[in-house]
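Participant: Here's the letter readout for the chains.
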Amino acid sequence: MGYKIQIEDFNAILRELRRVYRVFAPVNMKGKGPYAGTDLVGYAEISKFEQVVYNQKTVYSAKEALFKPVETLFYFTEEEFKQPAIQTNKILIFVRPCDINAFKRLDEIFINNGPYKDNYYQQRREKVKFILMECGAGFDNCFCVAMGTNATDDYSLLLRPAEGFVACQIKDPEFDAYFNGFNDSMEITPRFVEKNNITIQLPQNMDIDNDILNNPLWQEYTLRCTGCGRCNFVCPTCSCFTMQDIFYRDNDNSGERRRVWASCMVDGFTDMAGGHAFRNNQGDRMRFKVMHKFYDFHKRFGYHMCVGCGRCDDICPEYISIVKCVNKLKSSSPGGE
Amino acid sequence: MTVNPYLPQSAKIISVKPQTAVDYTFIMESEIKPTSGQFVEVSLPKVGECPISVSDFGEGWFEMTIRRVGKVTNVLHQLKVGDVIFVRGPYGNGFLMDKYRGKEVVVAAGGTGLAPVKSMLNRSREYGGLTLLAGFKSPADVLFPDQLKMWEQDFNVILTVDRGDDNWHGNVGLITQYVKSLQLAKPDEVEVIVVGPPLMMKFTVQEFLGLGVPEKNITVSFERKMCCGIGKCGHCKIDDTYVCLEGPVFNYTRAKGLID
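If you read the protein sequences in the order shown, they are chains A and B.
Using full-length UniProt numbering, count along the first sequence one by one with no gaps and you end on 337.
Using full-length UniProt numbering, count along the second sequence one by one with no gaps and you end on 260.
FYI, nobody ran anything at the bench for these hints, they're computed from the structure.
Careful, some of the hints might be misleading.
Unchecked claim - Which stretches of chain B does chain A cover? Using the computed rule of at least three CB atoms under 8 Å from a CB of chain A, they are: (1) 47–53; (2) 70–76; (3) 215–227; (4) 233–243.
Idealized CB from N, CA, C, for every residue including glycine.
Full structure from sequences and hints, please.
Facilitator: Below, the structure is given as structure tokens:
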């Protein structure tokens, strides 16, 4: 069953929710866009339903709620390591199906890959619940349908904005109490995007071999890509990071160990002390990224890493399209056309 | 309380021994229990963290042979006996000792590649026979000179340098040319371990294959930038393989497909 709730009433519920949860949603950030006088749609804590931006895709994904661009792992004082306290608040995030599916990919790396769990990610992950946002007809550069990530049932609430009210589906009984006393006569089930304007042809029978390495298609990216890494930083599934130690300028006996987002497209990703490095040109890095998103993650975990949100294509200053790259790979590979 | 896999343990330096002008061997007091071929993440708070292979180990101690080439190692080389550093690990798979027990073993090591196999060479009696091919750039770069003398008493050691000098009377030339001269009675039964810089490994493996050593009998060890050591950070991934988890030691049948 679903609820039809006036916006003011919903904001009262939100106030109650915020006593227990930190509530994050896409909001319009005035003047924060990359160009002068432009806004940016990004994640921030909200206090009113009207703040939530439904009609645009966020530039950055919701991953930073769990995997921060810069995270302090330890504080150092002399010989001591101190782990910062992890936020104990529960978190509610307004998020689209592709991004909910993206969290499954992050879980795979941070929790399941290898014998150890990443405690920083996991402790936050256990506190997170999702509010499903529907996408209407979808957005530019989206190809979630082809990736099978257009739908999800991993959410607690579905909230659909309508004229003067919010249509709510409560899937998680933890939230029932907040909606007590409201009329639950409305039928509501999630509507997922069924068709995107963009289609992607995934090559079959691929292998990372010399044919892939020597495919001339990568050279285009050596020439076009500037190695800025924005494609990685906006990606909801990119999970790579680098360890970084710092000391405080006014007390060099104290400092921090941090982990910061890393990008396989940016210089230095594979550099080792002494000068050895792998994948020295942008074409090789594009191949590494594309194969990870559409081939080797699947080989290891059984499903593709890319969720088709299209943010990398939205953000690229050189108008490089990962979809076009994959389609070209399909047409130029032995298993292709 | 959840376990924090990034939390390092303190380890006290109990010996520092310069091998060359830029390679020092550190013996650490520590309870970690590595096996041959594994690595640890060494950290100096406020400086950084880096992967270093374990060159030897025993009860309550382990050893690393570290070249001064970067941010962390530059500072490490200034430390003295009694100083405390931090380590976490051991990580990686290491060499499968059972594979070599009783077999004719040939180890080809280039430069600092000798460090990760040192502990295996110290166990020469476990093999049916052992040959070490060790190559260095110049006589000044030769690691473990004392050990090399001891090893020469125990098994066949071929030491070579790329360029000799006036005082050098030993072999000169690349490891590859000495592979050719090996008299392998049964090449298809020999177990080979190759560790060194990427190009050295590539061409040395080719030479062994040329002698008739089967691919499955060749083991290599990879070097990558392993930031986390536990399969999270992504820096060491090749294809679907995380070098820090499934490696750094690989059978050549798998290693040959790992290209990046």
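Participant: Please go over all the hints and tell whether each is borne out by the structure.
Facilitator: Results of checking the hints against the structure:
Counting residues of the region 47–53 of chain B whose beta carbon lies closer than 8 Å to any beta carbon of chain A gives 4, which reaches the threshold of three, so the coverage claim holds. Figure legend: the region 70–76 of chain B, annotated as covered by chain A; annotation consistent (4 residues with Cβ-Cβ distances under 8 Å, at least 3 required). Coverage of a stretch by a chain is defined here by at least three residues with a beta carbon nearer than 8 Å to that chain's beta carbons; for the region 215–227 of chain B and chain A the count is 4, and the condition holds. Check result for the region 233–243 of chain B against chain A: holds, 7 residues qualifying (beta carbon to beta carbon below 8 Å, three or more required).
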